[in-house]
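Protein sequences, first through last, are from chains A and B. This note's numbering applies: residue 23 is where the first sequence begins, and numbers increase by one. This note's numbering applies: residue 8 is where the second sequence begins, and numbers increase by one.
Since the hints were derived computationally from the structure, they do not count as laboratory data. Hints may contain errors.
Said to hold, decoys possible - Here are the computed distance ranges between Cβ atoms for each label pair:
{"#": "1", "chain 1": "B", "residue 1": "D99", "chain 2": "A", "residue 2": "T91", "range": "19 to 27 angstroms"}
{"#": "2", "chain 1": "B", "residue 1": "T81", "chain 2": "A", "residue 2": "S85", "range": "26 to 34 angstroms"}
{"#": "3", "chain 1": "A", "residue 1": "T91", "chain 2": "B", "residue 2": "R68", "range": "38 to 46 angstroms"}
{"#": "4", "chain 1": "B", "residue 1": "R68", "chain 2": "A", "residue 2": "D95", "range": "34 to 42 angstroms"}
{"#": "5", "chain 1": "B", "residue 1": "T60", "chain 2": "A", "residue 2": "T91", "range": "43 to 51 angstroms"}
{"#": "6", "chain 1": "A", "residue 1": "D95", "chain 2": "B", "residue 2": "R25", "range": "42 to 50 angstroms"}
{"#": "7", "chain 1": "A", "residue 1": "G37", "chain 2": "B", "residue 2": "T76", "range": "40 to 48 angstroms"}
Positions of the beta carbon are idealized from the N, C-alpha and C atoms, including for glycine.
The primary structure of each chain is shown beneath.
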Amino acid sequence: EVQLLQSGGGLVQPGGSLRLSCVASGFTFSNYAMSWVRQAPGKGLEWVSTISGPGSSTHYADSLKGRFTISRDASRNTLYLQMNSLRVEDTAVYFCAKEGSLIIGVDYLDYWGQGTLVAVSS
Amino acid sequence: DIQMTQSPSFLSASVGDRVAITCRASQGISNYLAWYQQKPGKVPKLLIYGASTLQSGVPSRFSGSGSGTDFTLTISSLQPEDVATYYCQKYDSAPPTFGPGTKVDF
Chain A
23 EVQLLQSGGG
33 LVQPGGSLRL
43 SCVASGFTFS
53 NYAMSWVRQA
63 PGKGLEWVST
73 ISGPGSSTHY
83 ADSLKGRFTI
93 SRDASRNTLY
103 LQMNSLRVED
113 TAVYFCAKEG
123 SLIIGVDYLD
133 YWGQGTLVAV
143 SS
Chain B
8 DIQMTQSPSF
18 LSASVGDRVA
28 ITCRASQGIS
38 NYLAWYQQKP
48 GKVPKLLIYG
58 ASTLQSGVPS
68 RFSGSGSGTD
78 FTLTISSLQP
88 EDVATYYCQK
98 YDSAPPTFGP
108 GTKVDF
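The shape of chain A in the complex, shown without the other chains:
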């Protein structure tokens, strides 16, 4: 059974940093690209970033302007999102998600983590 267990959310002041983690199980982690998607309160889904299975290729939403870094550790079956220079508008529930096939590039998302709230406020 595929499981994605997230941790690392919380309250942070504007300008601060936070790292989200997503531990994967039930599939061969290094074979699949992984993504982060966020949802601001009362709003729709917004794609944040994707990293390839080997970790050699990454994609980011233009709106992040280099503040976020996606990474993965195959030895720990863990996906990360390092978030720096956080802004009030980054407040959202962040979901990690597994891509659905073995293709290179972005793909549909077939399994999602439970979500973790990041609240940016002074």
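Guided by the hints, dock chain B onto chain A, whose structure is given.
Chain B only, in chain A's frame:
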């Protein structure tokens, strides 16, 4: 970047109704289109990928169609548990943009 739109933004229907939600891409994306269902307070769930392929375990009352720029998610007989917001997502290339969502309620 390719923009995704959905219509309607809100849909009110009755149990047993046939419901259709439209998703439109600003440029052609072949069949690289997925549909997700998100119930209130819950995690998004994949319903359909490849524009028309039903994800395993999803009830057969859900179906998808379309190619290029115009796509449709159809619920053949709306059930109470289908109250949710539905999102399309294109994944032909980065960024894999989501549509703004369609809220379905009674």
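Structure-based check of each hint:
no. : hint                              : in the structure
1   : D99/B x T91/A: 19 to 27 angstroms : holds, 25 angstroms
2   : T81/B x S85/A: 26 to 34 angstroms : holds, 33 angstroms
3   : T91/A x R68/B: 38 to 46 angstroms : holds, 42 angstroms
4   : R68/B x D95/A: 34 to 42 angstroms : holds, 41 angstroms
5   : T60/B x T91/A: 43 to 51 angstroms : violated, 33 angstroms
6   : D95/A x R25/B: 42 to 50 angstroms : holds, 47 angstroms
7   : G37/A x T76/B: 40 to 48 angstroms : holds, 41 angstroms
Hint 5 alone, counting from the list given before, is not met by this structure.
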